[in-house]
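Got chain Z sorted already, so can you dock chains E and A onto it with the hints?
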Amino acid sequence: MKFNGRNVWISPKAKIGSNVKIGDNSAIYDHVEIGDNSIICNDSVIGEPLVAYYHDPDYENPPTVMGPKSLVRSHSIIYAGCILGRCFSTGHRVTIRENTTIGECCSVGTLSDIQGNVKIGSYCRLHSNVHISQTCAIGDFVFLYPFSVMTNDPYPPSLDLKGGHIGNYSQVGVHVVILPGVRVGANCLIGANSVVNKKVQDFSLAMGDPARVIMDIRKYLVMGKGNPYPWMHRFERGMPWEGLGFETWMQQNVKK
Amino acid sequence: MKFNGRNVWISPKAKIGSNVKIGDNSAIYDHVEIGDNSIICNDSVIGEPLVAYYHDPDYENPPTVMGPKSLVRSHSIIYAGCILGRCFSTGHRVTIRENTTIGECCSVGTLSDIQGNVKIGSYCRLHSNVHISQTCAIGDFVFLYPFSVMTNDPYPPSLDLKGGHIGNYSQVGVHVVILPGVRVGANCLIGANSVVNKKVQDFSLAMGDPARVIMDIRKYLVMGKGNPYPWMHRFERGMPWEGLGFETWMQQNVKK
Amino acid sequence: MKFNGRNVWISPKAKIGSNVKIGDNSAIYDHVEIGDNSIICNDSVIGEPLVAYYHDPDYENPPTVMGPKSLVRSHSIIYAGCILGRCFSTGHRVTIRENTTIGECCSVGTLSDIQGNVKIGSYCRLHSNVHISQTCAIGDFVFLYPFSVMTNDPYPPSLDLKGGHIGNYSQVGVHVVILPGVRVGANCLIGANSVVNKKVQDFSLAMGDPARVIMDIRKYLVMGKGNPYPWMHRFERGMPWEGLGFETWMQQNVKK
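Chains as they are written, first to last, in my numbering: chain Z, 17 to 272; chain E, 17 to 272; chain A, 17 to 272.
It cannot be assumed that every hint is accurate.
Here are the in silico distance ranges between beta carbons for each label pair [claimed, not checked]: (1) A/Pro170 x E/Gly254: 16 to 22 angstroms; (2) A/Lys37 x E/Glu258: 58 to 64 angstroms; (3) A/Met231 x E/Lys235: 35 to 41 angstroms; (4) Z/Leu175 x E/Pro73: 50 to 56 angstroms.
Lysine-lysine pairs mimicking DSSO-like chemistry, simulated, CA-CA at most 30 angstroms apart [as the list claims (entries may be wrong)]: (5) E/Lys214 x Z/Lys241; (6) E/Lys215 x Z/Lys241; (7) Z/Lys214 x E/Lys235; (8) A/Lys85 x E/Lys214.
Think of the hints as simulated: they come from the structure by calculation, not from any bench. Cβ atoms here follow ideal geometry from the backbone N, Cα and C, with glycine treated the same way.
The following block holds chain Z by itself, in its conformation from the complex:
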């Protein structure tokens, strides 16, 4: 099937864990370390060299680390210098540029494009076609939906890049634009197609172009459903509180 070793290239300087599958037509470059029980599907590149590689005969690839139990779907490209925690997964044709750090149990959807020097926490979900500019940062348990963008250049074109920040547990809707340097607090919900041009406080429901805070998200009532936010009490698939409940998990975590 697709893991039959056909047209695969693995650098002798890569370290491949035990029980790792590498799909056909994939390439693993120098100084890549792939954790145990990971799957790299077909036509992928892990440890893609930086631009100096093309011109510098002494180029040395920086280390790239992918944690155990990762799943990279086909046609994805992960640059050298990325540090990705355990249980990392991608859709197809994902690009992650150099020196990006991603925590545990995150997923990055089909066609998403992380431009490098980005920090992402743990348990985040980037759906399809999310674009994160350089120097942006994202907390834990953050979800971004298709075609959402974090930008970084306040006076384009410039070299004065200011990535924004999204706090823990926040949800960023489809086609949302976070303008350069803007901070979205924790536990926010940003409505579809919003342009966020200034700081959004924790627990805000914000929407519009420019985005305005409509209400405290804890007061948001849905007919027949009550208050769906904060969402951690009603959604647990893939979250560390799965099977436990958020409150129990929090109590256990705080004890530690």
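Structure of chains E and A alone, referenced to chain Z:
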């Protein structure tokens, strides 16, 4: 050229019709059936296995059917369980997830991403970079333009998915967002960058965020052109009324 | 590494300059000419045949020219009939359709999609995921940011395509839509998420849906920074005035 059988993998459990060309570096998985006179270009995957494939040693690929005279352009990925009618075509790097059903003579543009469990009628055109979420449905003769999105999650994140619906003959402009569960009627035109948050009646011209109905599309006059909608009277390329005219075709169809 | 000649196909009718590197799994078609010192990374296609190729046994690929010192990153597809100036570069998975002409020293970002019969000047930067429809035209030193779109169909669907135009030095923000046939002047800045539905004069700062001119960009003051526009006085990376300054370069250029 690109159909020289270089680095091609075809499952012995696939059924390939007569006069089918398969491009270099492509893979055809178990239980895929490709109709006669189809072309699968290079670096494509047809019958991509579902996620259980990676872990379940007894995994069996569900059947995938592609009708005759189809053309899949390079680097596209079509998951197992899809049923695609005759004369189906794609641009490059299209993703179609599992259990999607598409009628006859549809095209799906470069980089479009159909997330699975989607139903699309016949003679639809999805241009580049269209994103359709799970459980959405689209009628016949519907056109969607670049970066348009159909969403499905009313209170993200949730598992309570409610795909929307677009009626026959409707045109959905660039960067339009259809919110979860929203129904766009037949013969509508949705202007660029609109966010559609509630039901749109048949024959509406709607635009804005949130989208508002501006007028009955049949009253829309363009200087020097008269009324361009419904469009079927003036556009026929690739439509079943090509060379016949819409009214004649309708009369013939109704007779049947 | 990735230039080890593995699974490469080069037409005997292609002309490859001196010191050109071609990555693994790439294909170079008939009548492609690649200038000296260029790099074509892995899994790319240069000179992708037009649709007649699939059906016409007498099909002949039109000439494709890529200037010297070009860098095409992996998984990109450049159709036959394109003429690309020196120092052209792309991100990953770029698509450039047939008969597109691009000047010198342009870059086209990851996942961008240029639909064919497009004219782009010199020193332009298309960032990731920019979509340019057929018959659109772009001047020199123009920057377009992610998910920006130039459209071309005033009454979709039609065959009456009218591409827009963007003048020299203009900056087009993320998620901007330029409607069919609209002219954006020179030295403009179009804010994020705008929909440009009518002509924008030179030196305009415009934003909104529909876009309105907010002020003459030369009067735009930023606290602590003064006036950042026109931008050529403060940004020179990769521009022909790098190391010289814009005014000196202009004077030298005018003398010529």
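When you check the alpha-carbon spacing of A/Lys85 and E/Lys214, does it fall within 30 angstroms? Distance ~52 angstroms between A/Lys85 and E/Lys214 Cα, so the pair is violated.
Are A/Met231 and E/Lys235 spaced within 35 to 41 angstroms by their CB atoms? holds, 37 angstroms
Mind checking the hinted window 50 to 56 angstroms against the Cβ distance between Z/Leu175 and E/Pro73? Given range 50 to 56 angstroms: holds, Cβ gap about 53 angstroms.
Range first: 16 to 22 angstroms. Now tell me if the beta carbons of A/Pro170 and E/Gly254 are that far apart. With Cβ atoms ~20 angstroms apart, the hint holds.
Given the hinted pair E/Lys214 and Z/Lys241, is their Cα-Cα distance within 30 angstroms? The given pair, whose Cα atoms are some 19 angstroms apart, holds under the 30 angstroms limit.
Please work out if E/Lys215 and Z/Lys241 have their alpha carbons no farther apart than 30 angstroms. Distance ~21 angstroms between E/Lys215 and Z/Lys241 Cα, so the pair holds.
Within a Cα-Cα threshold of 30 angstroms, do Z/Lys214 and E/Lys235 meet the stated pairing? The given pair, whose Cα atoms are some 41 angstroms apart, is violated under the 30 angstroms limit.
Holds or violated: the 58 to 64 angstroms window for the beta-carbon distance between A/Lys37 and E/Glu258? Hint violated: Cβ distance 46 angstroms, outside 58 to 64 angstroms.
Of the hints listed earlier, those the structure fails to meet are numbers 2, 7 and 8, in rising order.
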